[in-house]
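For the protein sequence lines, the chains are A and B, in the order given. First residue of the first sequence: 250, per our numbering; consecutive thereafter. First residue of the second sequence: 205, per our numbering; consecutive thereafter.
If you are wondering where the hints come from, they were derived from the structure by calculation, not from laboratory data. Note that this is a predicted model, so its numbers are computed, not measured. Beta carbons are placed, not taken as given, at the ideal position from N, Cα and C, and that holds for glycine. Check the hints yourself; a few may be wrong.
Stated by the list, open to error - Taking lysine-lysine and the DSBU-like style, the derived pairs with C-alpha atoms no more than 35 Å apart in a straight line are:
no. : chain 1 : residue 1 : chain 2 : residue 2
1   : A       : Lys267    : B       : Lys272
2   : A       : Lys268    : B       : Lys244
3   : B       : Lys271    : B       : Lys303
4   : A       : Lys285    : B       : Lys260
5   : A       : Lys290    : A       : Lys302
6   : B       : Lys272    : A       : Lys271
7   : A       : Lys287    : B       : Lys303
8   : B       : Lys271    : B       : Lys207
9   : B       : Lys260    : A       : Lys268
10  : A       : Lys258    : A       : Lys290
11  : B       : Lys244    : B       : Lys207
12  : B       : Lys241    : A       : Lys287
13  : B       : Lys260    : A       : Lys290
14  : A       : Lys290    : B       : Lys261
15  : B       : Lys261    : B       : Lys303
16  : B       : Lys303    : A       : Lys258
17  : B       : Lys207    : A       : Lys287
18  : B       : Lys271    : B       : Lys244
19  : A       : Lys271    : A       : Lys289
20  : A       : Lys289    : B       : Lys272
21  : B       : Lys315    : A       : Lys302
22  : B       : Lys272    : A       : Lys258
23  : A       : Lys258    : B       : Lys245
24  : A       : Lys271    : B       : Lys207
Unchecked claim - FRET-style restraints, in silico, Cβ to Cβ:
no. : chain 1 : residue 1 : chain 2 : residue 2 : range
25  : A       : Glu307    : B       : Phe249    : 14 to 24 Å
26  : B       : Asp270    : A       : Ala288    : 27 to 37 Å
27  : B       : Glu259    : A       : Gly277    : 27 to 37 Å
28  : B       : Thr248    : A       : Glu293    : 33 to 43 Å
29  : B       : Gly220    : A       : Tyr300    : 23 to 33 Å
30  : A       : His275    : B       : Lys261    : 27 to 37 Å
31  : A       : Asn266    : B       : Lys315    : 17 to 27 Å
32  : B       : Gly220    : A       : Met264    : 41 to 51 Å
33  : A       : Pro332    : B       : Glu243    : 19 to 29 Å
34  : A       : His259    : B       : Thr248    : 40 to 50 Å
35  : A       : His326    : B       : Glu243    : 21 to 31 Å
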Amino acid sequence: DTEVTQTPKHLVMGMTNKKSLKCEQHMGHRAMYWYKQKAKKPPELMFVYSYEKLSINESVPSRFSPECPNSSLLNLHLHALQPEDSALYLCASSPFGGAFNEQFFGPGTRLTVL
Amino acid sequence: EDKVVQSPLSLVVHEGDTVTLNCSYEVTNFRSLLWYKQEKKAPTFLFMLTSSGIEKKSGRLSSILDKKELFSILNITATQTGDSAIYLCAVEDYNQGGKLIFGQGTELSVKP
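This is chain A alone, in the form it adopts within the complex (with noise of 0.2 Å):
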């Protein structure tokens, strides 16, 4: 299994509901990553799980709260979220934390949030 997986593909929420995203990898990779893409801009770090432990949290509001069950899970749980919120929620993984390792992208979650 050499993907990254993503659920669900599309999400659409209220502002009081609370939902998560889920992601998963199957090629042992040790490093886990949570980026937010909008329209026509590049992808902007969110968190980064190395070893199952939160390395980085780009100032991320708490709304959103990662969670690493195991090495092969990734999970982003939202609540509260605001329309501005709405983007293309994009996990990847790589073989270590830190340097010369690639990411791999998963296909994303489209977040509407009304």
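Let chain A serve as the given structure and place chain B on it in line with the hints.
Just chain B now, with coordinates in the frame of chain A:
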């Protein structure tokens, strides 16, 4: 502040043309430079460059890094409509645990 700048921002060519995409960077703790192709959804990895002057090649695509002048180019020869995509350049900062600093991307459109 670290930054990665790509040019041009958009480009329209015809099938068969050769294109050169540029990426310049100012990143204090440079470790590597990566190129990605993004079509509808996820970026797909193309190349990782760490050493100056060594060309990486994959089919009609090639890329090279100049660490003295702080830039990289991505060449695509004999372009096809399937090359239409956004090409992203990203630089890895070794002091930031795997963080990629992305450029704005170059939107390439190849017309038949």
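Exercise. Using the C-beta atoms of His275 of chain A and Lys261 of chain B, is the stated range 27 to 37 Å upheld?
Worked result: holds, 30 Å
Exercise. Does the alpha-carbon distance linking Lys289 of chain A and Lys272 of chain B stay inside the 35 Å limit?
Worked result: holds, 30 Å
For this session: Could you grab the alpha-carbon distance between Lys260 of chain B and Lys290 of chain A and see if it respects the 35 Å cut-off?
Result: Distance of about 26 Å is within 35 Å: holds.
For this session: Confirm or reject the claim that Gly220 of chain B and Tyr300 of chain A have a C-beta distance inside 23 to 33 Å.
Result: For Gly220 of chain B and Tyr300 of chain A the Cβ distance comes to about 48 Å; the hint is violated.
Problem set entry | Straight-line alpha-carbon gap Lys271 of chain B to Lys244 of chain B, limit 35 Å | holds, 31 Å
Exercise. Does Lys260 of chain B lie within 35 Å of Lys285 of chain A when you go C-alpha to C-alpha?
Worked result: Within the cut-off at roughly 29 Å; holds.
Exercise. If you draw a straight line from the CA of Lys271 of chain A to the CA of Lys289 of chain A, is it 35 Å or shorter?
Worked result: Holds, at about 24 Å.
For this session: Compare the distance between the alpha carbons of Lys268 of chain A and Lys244 of chain B with 35 Å, and conclude whether the hinted pair is satisfied.
Result: holds, 24 Å
Exercise. Is the straight-line distance between the alpha-carbon of Lys290 of chain A and that of Lys302 of chain A 35 Å or less?
Worked result: Holds, because 28 Å separates the two Cα atoms, which is no more than 35 Å.
For this session: Quickly compare the C-alpha distance for Lys315 of chain B and Lys302 of chain A to 35 Å and report which way the hint goes.
Result: Since the Cα atoms of Lys315 of chain B and Lys302 of chain A sit roughly 46 Å apart, the hinted pair is violated (cutoff 35 Å).
Problem set entry | Supplied distance hint 41 to 51 Å, evaluated on CB atoms of Gly220 of chain B and Met264 of chain A | With Cβ atoms ~50 Å apart, the hint holds.
Exercise. Pro332 of chain A and Glu243 of chain B, beta-carbon distance inside 19 to 29 Å?
Worked result: Since Pro332 of chain A and Glu243 of chain B have Cβ atoms about 26 Å apart, the given range 19 to 29 Å holds.
Of the numbered hints given earlier, the model fails hints 1, 6, 9, 21, 22, 28, 29, 31, 34; all others are met.
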